[in-house]
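Participant: Heads up, the working numbering is the position in the sequence shown plus 5, with the first residue counted as 1.
Do not rely on the hints blindly, as some may be mistaken.
List time: in silico DSSO-like cross-link candidates among lysine-lysine, alpha-carbon distance up to 30 angstroms [unchecked claim]: (1) K455 / K503; (2) K646 / K416; (3) K409 / K344; (4) K32 / K560; (5) K551 / K607; (6) K526 / K344; (7) K646 / K682; (8) K32 / K69; (9) K93 / K171; (10) K25 / K93; (11) K482 / K503; (12) K613 / K551; (13) K409 / K246; (14) K257 / K206; (15) K613 / K482; (16) K257 / K178; (17) K646 / K409.
FYI, nobody ran anything at the bench for these hints, they're computed from the structure.
Note that the coordinates shown come from a computational prediction; the quantities given were computed from them, not determined experimentally.
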Amino acid sequence: MPAPADIVKVAIEWPGAFPKLMEIDQKKPLSAIIKEVCEGWNLPNPETFALQNADSTNFYITEKAQMAQQLHERIQSSSMDMKLDALKDLANSSRDITFAQEFINLDGISLLTQMVESGTERYQKLQKIMKPCFGDLLSFTLTAFVELMDHGIVSWDTFSVAFIKKIASYVCKSAMDTAVLQRSLAILESMVLNSQDLYQKVAQEITIGQLIPHLQGTDQDIQTYTIAVINALFLKAPEEKRQEMAHILAQKQLRSIILSNVIRSNKPINDEMAHQLYVLQVLTFNLLEDRMMTKMDPQDQAQRDIIFELRRIAFDVECESNNSGSIEKRKSMYTRDYKKLGFINHVNPAVDFTQIPPGMLALDNMLYFARHHQDAYIRIVLENSSREDKHECPFGRSSIELTKMLCEILKVGELPSENCHDFHPMFFTHDRSFEEFFCICIQLLNKTWKEMRATSEDFNKVMQVVKEQITRALTIKPNSLDQFKSRLQNLSYTEILKLRQSERMNQEDFQSRPILELREKIQPEIMELIKQQRLNRLCEGTCFRKISSRRRQDKFWYCRLSPNHKVLHYGDLEESPQGEVPHDSLQDKLPVADIKAVVTGKDCPHMKEKGALKQNKEVLELAFSVLYESDEYLNFIAPDKHEYCVWTDGLNALLGKEMTSEFTRSDMDTLLNMEMKLRLLDLENIQIPEVPPPIPKEPSNYDFVYDCN
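Go ahead and model the full structure; you've got the sequences and the hints to work with.
Facilitator: Okay, structure coming up:
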């Protein structure tokens, strides 16, 4: 009778003793096996021993290495059931980086890619009778692959065209297992983001038209992964191809499909979908950057014709022939009209558009407004041309400055942030959303100018008020451009003044010398209070997310300071915790005494290692590292700005350094102002107790409680 599969014979040697051939039960824990080996040679303290390979690698054998070896063998089994169970276990275990390293050392990634390329084909013949089994088999294979690659141990550039074609084929099929489709989309996204060479290959294998149907389903996860792939292709496309790709997206009606199937669906939008919609919004607006940074050529006749068109629409005049009147008369007429249109340079308005930003984008917006909102355009121009010179709102100058302001508000030209979910549904309701946004805002500017009874000297003040009106209206995330317009109607100049006044009432200004001296006196105790709060927060700990090339992953690690402020405890977690994580469940420790320095932003080693995609402003602002021992680092990316400030402040406090974060300054101002108000209260003849009043005893019954029902 053959020995069970879990029993293996292994030769083990110990210096100065004869080697032993031992039967080892692989189901037993490694610690039990080591204890058994030590007992054979009467070696004390088995917990201090480990098994080591005697081959050229000299790797120490761990539980993870043992598990990796077993799964590596089991996934190659000829039994369908055994292979399926092994792949399921592999998909779960691959989240652990130690196991992943061991499995990858066994050339496990190559084995999985071979199974995807060719190994699964023999099972496809059985698909009709074993479809669920085949779907699970492929799903677990791809899940394991995604989890292993997320650790960043293996380069994405190592994969063959055959593997890419196979993954792309799963995405292009109309009826594919949901889990397989999800993993395939995730793999394509990571390939595109992590390798320019793979971007070229993926772009050849898959088209936008093949991705669109996945957005028309009801599975939000599939929709999210699909938009992520579109975003990745958009982001990595060469600049000259992005406009072409945007044209294809418009032809395929991507915007309206997303609006009807995602934004206006019955399901609430989760954070990851919100992020992908935000990225798509940013990438779409970034297409305007080229026009925004293009100066007008005053000698270019085609560009000058646009200005002539603005004049023609406003004053209902046709371009005069060369014979109509003298040159001087025509010049005088043009100058008069250009002044009415509000250009700074009345003789040659083209010069106004040589400022970048906004460059030619401002002229594009003006022409769109004149053609598509002709009545409003003519009304604004004629209304202002009939006012006194001092009180007219210059349409040309206003349009140029407004376009520049809108580009700043929407951050045109900046890379999308890694952690932002700030998408605006109204920008998905129109194919020319930026231009329509401008048309609404230019009318708002004219209205606000009249409400303020502004003169030319007040131009900058008006622009500040308009910016405040726009940003306040955007905070409520209007669902449509009409809602945005309605919100602006309610934010008149009078309303803005009321809001400013109410906000100003909460900010008393203490500038007298005795008050300033009192502030200086109590500032150190407030700073000590902030320091204690920061250290208490470090003792509670924070869950940090591991960020890699593929955002959609739930890999977490936790770090917290010991109550005596002497040790940092940290370790990996399987899932995001609901509360505090106990110290004893965190495997690793770092003595505070060993910490040499805290570095932030670009100085962090994990920021230097990241690709260009990760080098965006937001991630840099959330990154910090702890330097200890001989150039060893513990790297962090905070979940948000608040946690970043708490941790950098707390770590600096532990090192005896100054806390310099913006949150420390904000907390200092808040607490200091509160303390100042308390100390300056008029408390004459009022006795303040030294101790707080006692809490009264609970009543014997609660019959006095009134039942509102």
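Participant: K257 and K178: Cα distance at most 30 angstroms?
Facilitator: 18 angstroms, holds
Participant: Decide if the proposed pair is consistent with the structure: K482 and K503, CA atoms, cutoff 30 angstroms inclusive.
Facilitator: 22 angstroms, holds
Participant: Under the criterion that the straight-line Cα-Cα distance not exceed 30 angstroms, is the pair K526, K344 satisfied?
Facilitator: Answer violated: K526 to K344 is near 59 angstroms, above 30 angstroms.
Participant: Given the hinted pair K32 and K560, is their Cα-Cα distance within 30 angstroms?
Facilitator: 28 angstroms, holds
Participant: Taken at face value, is the distance from the CA of K503 to the CA of K455 at most 30 angstroms?
Facilitator: 18 angstroms, holds
Participant: If you draw a straight line from the CA of K613 to the CA of K551, is it 30 angstroms or shorter?
Facilitator: 16 angstroms, holds
Participant: Can you confirm whether the C-alpha distance between K613 and K482 stays at or below 30 angstroms?
Facilitator: 36 angstroms, violated
Participant: For the pair supplied as a hint, K25 and K93, is the alpha-carbon distance within the 30 angstroms limit?
Facilitator: 35 angstroms, violated
Participant: Holds or violated: K93 and K171, Cα atoms, limit 30 angstroms.
Facilitator: Holds, at roughly 21 angstroms.
Participant: Is K409 close enough to K344, meaning Cα to Cα at most 30 angstroms?
Facilitator: Cα-Cα ~21 angstroms, so holds.
Participant: Does K607 sit within 30 angstroms of K551, going by the straight-line distance between their CA atoms?
Facilitator: 18 angstroms, holds
Participant: Are the Cα positions of K257 and K206 separated by 30 angstroms at most?
Facilitator: Status holds; Cα separation ~22 angstroms.
In summary, the structure is inconsistent with hints 6, 10 and 15 from the numbered list given earlier, while agreeing with the others.
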